[in-house]
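Line by line, the protein sequences are chains Y and L. The opening residue of the first sequence carries number 1 in this note's numbering; numbering runs sequentially from there. The opening residue of the second sequence carries number 1 in this note's numbering; numbering runs sequentially from there.
Everything labelled a hint here was simulated from the structure, so no lab data went into it. Please note: incorrect hints may appear among the correct ones.
Since the list gives no way to pick one copy over another, a pair counts as held whenever it fits inside one copy or between any two copies.
[As the list claims (entries may be wrong)] Here are the simulated lysine to any residue pairs, SDA-like style, with alpha carbons at most 25 angstroms apart:
| no. | residue 1 | residue 2 |
| --- | --- | --- |
| 1 | LYS272 | ASP199 |
| 2 | LYS30 | GLU152 |
| 3 | LYS392 | TRP406 |
| 4 | LYS135 | LYS392 |
| 5 | LYS392 | ALA233 |
| 6 | LYS392 | ASP193 |
| 7 | LYS30 | GLN325 |
| 8 | LYS135 | ARG146 |
Protein chains: 2
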Amino acid sequence: MSTDPLSSSTSGRPHVVIVGAGFAGLEAAKSLRDAPVRVTLVDRNNYHKFQPLLYEVAMAGLEPDDIAHNVRNIFQGSDTVHFRLGTVVGIDTTVQQVHLRGSAPLSYDHLILAAGAVSTDFGIPGVEEHAYPLKNVPDAVNLRNRVLRQFERYDRTRDETGDGALTFVVVGGGPTGVEMAGAFVELFDTLNDDFARFDTREQARCVLLEMEEHLLPPYEPPQREYTRQVLEARGVDVQTDTAVERVEADRVHLQGGGTIPAQTLVWAAGVKASPVAGMIDAEQAWDDRVVVNPDLTVPECPNVYAVGDMAAIEGEEGYEPQLAQVAIQSGRHAADQIQCRLRDGTPERFEYWDLGKMATIGRNAAVAEFAGGISFKGFIAWFLWVVIHIAKLVGFRNRLSALVNWAYNYFTYSRSARLILDVVPIADDVPMEEEGGQRVKERPETVETHPQ
Amino acid sequence: MSTDPLSSSTSGRPHVVIVGAGFAGLEAAKSLRDAPVRVTLVDRNNYHKFQPLLYEVAMAGLEPDDIAHNVRNIFQGSDTVHFRLGTVVGIDTTVQQVHLRGSAPLSYDHLILAAGAVSTDFGIPGVEEHAYPLKNVPDAVNLRNRVLRQFERYDRTRDETGDGALTFVVVGGGPTGVEMAGAFVELFDTLNDDFARFDTREQARCVLLEMEEHLLPPYEPPQREYTRQVLEARGVDVQTDTAVERVEADRVHLQGGGTIPAQTLVWAAGVKASPVAGMIDAEQAWDDRVVVNPDLTVPECPNVYAVGDMAAIEGEEGYEPQLAQVAIQSGRHAADQIQCRLRDGTPERFEYWDLGKMATIGRNAAVAEFAGGISFKGFIAWFLWVVIHIAKLVGFRNRLSALVNWAYNYFTYSRSARLILDVVPIADDVPMEEEGGQRVKERPETVETHPQ
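Could you put together the complete structure from these sequences and hints?
Encoded structure:
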């Protein structure tokens, strides 16, 4: 029986609070598993999500349960790490407390902020109201529902569905956008067997918009070119040098004129730091990230670290990119620094070790660039991508289940998770105050849709 | 390219409309796959759900996708059977039309009603507001979320959660109630490894209430006794001869006095026919089922059949029970009768062929009674139950995925799907009229909870 993390007095060990169970927070907690500390890992969901594969859930290739893993399960049997389901609503660095909605504040000796990033619309009108983001599991399920439902509507009342019912615009030519676009055209193929009364491959269309000159800007020219060629050969309408001016319910207006009739727009264009970044008194970069010291501490808060997507970490070419590898390495670094400090060691600066990057374009096609200038494209890159992504999923069951789904889809040319299952965005925790000691049923009775 | 099922004129074949893609409707559609008809299979979901395993989803043993199978996938490549996602809002037997929300009515030559059953509260106050039903996939996911969240709340703010936070009352001692109760105590075991700060096996409690004298009333005494013994040995508080008088948010009042403090009540006590049964002018039994002729036609509507859980079919001992086997056989019978009539044959009466029944109690324990008086209990019954249920799941992928999950859970003593993922009950189809030709985003912005 471990001590109660609520009361610091019951244990001599320093209390480390980690906010967020994404790649960074999870890695930090794992790194501290055998350290002489108590760790409370806080997340608003009871699962860790494998973010790089969210698009596969949205595109009916994987199931939500394949990419989500119960956090308590990861730390079963640990006396050091405890999980807390909760939403952070404030941080007080003077008294060293994290405020959670609906329960007593958590006192910390060391704090690691790893709350990640959220979608941002860059102030473009209509994005907030009309675009589908893809940052969490409910987002992915909502998008899957939306896409499948558009096909059902078109099948049922073709003439009434209006222009662009089956046009899906993906904004953002980074890895997520490329992967989404590639998966969209594969989904159209699968759905062609589902809908006998029209040719989905002719009627449905995927447009990929990128405001810069090339897709996958951080990649080398051969990989970029290959990506564009494959996407276009498979039927994606790739438009680079193209920026969105404003979005309406059934059309996208482009900068410099031009309109695309489209009833579904996927926003893979930009992120900003989680609102948690604004809860401490620290400098924030243009995208709200917390600007950190070289050792990842927050200036003037030597016991507070910011890591992963919510940290602006100075690198060789500006701030380090918001990638899983940076998150994992920075989460580990913060954990190491805390241990170092407990031994009265000197803080060390964080150095990102770039292992390389990879993006899949679809069946048998991907691009990869590794350290030392080694690059792959095509089948080999794709195969590496599959192996690495399955290996990195947390837990044997998730790996096996994802493998089963992918193998099934690969050999049958299907996408097996074509289910319309409605999900609420994150119903947060119901605050105890508002409950008034009474039971509150989570099942929502009324669902409001956007009034148009 | 097949003809448009909306216009009867485009095809010489008679048009069969089937309402509901459960066991009965799906079997009817499969039976008509090679018949000289056109079939439109209507359901409000785009998937067939394997209802007998809903409780496993609620108890985090299986994933929603394991028990749900895309309907269009089942009829891929068929020119005869078409699927239509839609909600039936009315039936006009004089002009032979089925009205769907938000699209043109479907004209039929033959109609098979297979809309199943819904939960009923028998007029017991508080059940509607407070109890968790278990009739569809969102129900199961909601219950899973509720149960897992209760443990999180208790872990976080033990003293404030009140009495009965971890008491789970299951009402109804039929197969669903027994299976739920058995799975609850297994879940408590699994969660004990998740929550280090309290003993879930001591704090959590499952109470199974049955108003009749015995659990599993239709089974023989040895099986009933065994079931009760196993449940009690595993820690379920079984209370027979006990009826619910009224339900409050945090307690259950029993008839004849007595109260159980419990914040979560699962309603596995009773069902009535789907509201679709009331859309035709026909006699209805006490539980709203449509009273049918021996050949399953609705009296005075010779081209309308009612089958499965929404049909009151006269059997040897009153109406036939609402079981998957009756649904499958009656669905097939209605399909056969339509083919028979197309050949000018004589209608035949439906005879239910009782293959037997089985119910699982949990790990290594089940009861089974087959035709000819053969019965099993214990490990053999359980093993048969697992094999038969996996074999009956629709589709190779579902079978494999369920097998993987079960095998994993069996050998690790875990329940792998312990995720809190919020789901809306069935967001129906958005009516086109209300959309005003505009896109309506399915993602709900506001979730209302029950005001207490």
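Now for the hints, and whether the structure bears them out:
In this assembly of identical chains, the alpha carbons of LYS272 and ASP199 never lie at most 25 angstroms apart, being 39 angstroms within a copy and 41 angstroms across copies at closest. With identical chains, the CA atoms of LYS30 and GLU152 are at most 25 angstroms apart between copies only, with a shortest distance of 21 angstroms across copies and 45 angstroms within one. In this homomeric assembly, LYS392 and TRP406 come within 25 angstroms of each other (Cα to Cα) both inside a single copy, at 15 angstroms, and across copies, at 23 angstroms. When the C-alpha separation of LYS135 and LYS392 is checked against a cutoff of 25 angstroms, the pair qualifies only within one copy, where the shortest distance is 19 angstroms, while the shortest distance between copies is 36 angstroms.
Within a single copy, LYS392 and ALA233 get their C-alpha atoms no closer than 30 angstroms, and across copies no closer than 41 angstroms, so neither meets the 25 angstroms cut-off. In this homomeric assembly, LYS392 and ASP193 come within 25 angstroms of each other (Cα to Cα) only across copies, at 24 angstroms, whereas the closest approach inside a single copy is 33 angstroms. Taking CA atoms no more than 25 angstroms apart as the test, LYS30 paired with GLN325 passes inside one copy only; the shortest distance there is 15 angstroms, against 50 angstroms between copies. For the identical chains of this complex, LYS135 and ARG146 are neighbours both inside a copy (16 angstroms) and across copies (24 angstroms), given an alpha-carbon limit of 25 angstroms.
Hint compliance for this structure: hints 1, 5 are broken, all remaining hints hold.
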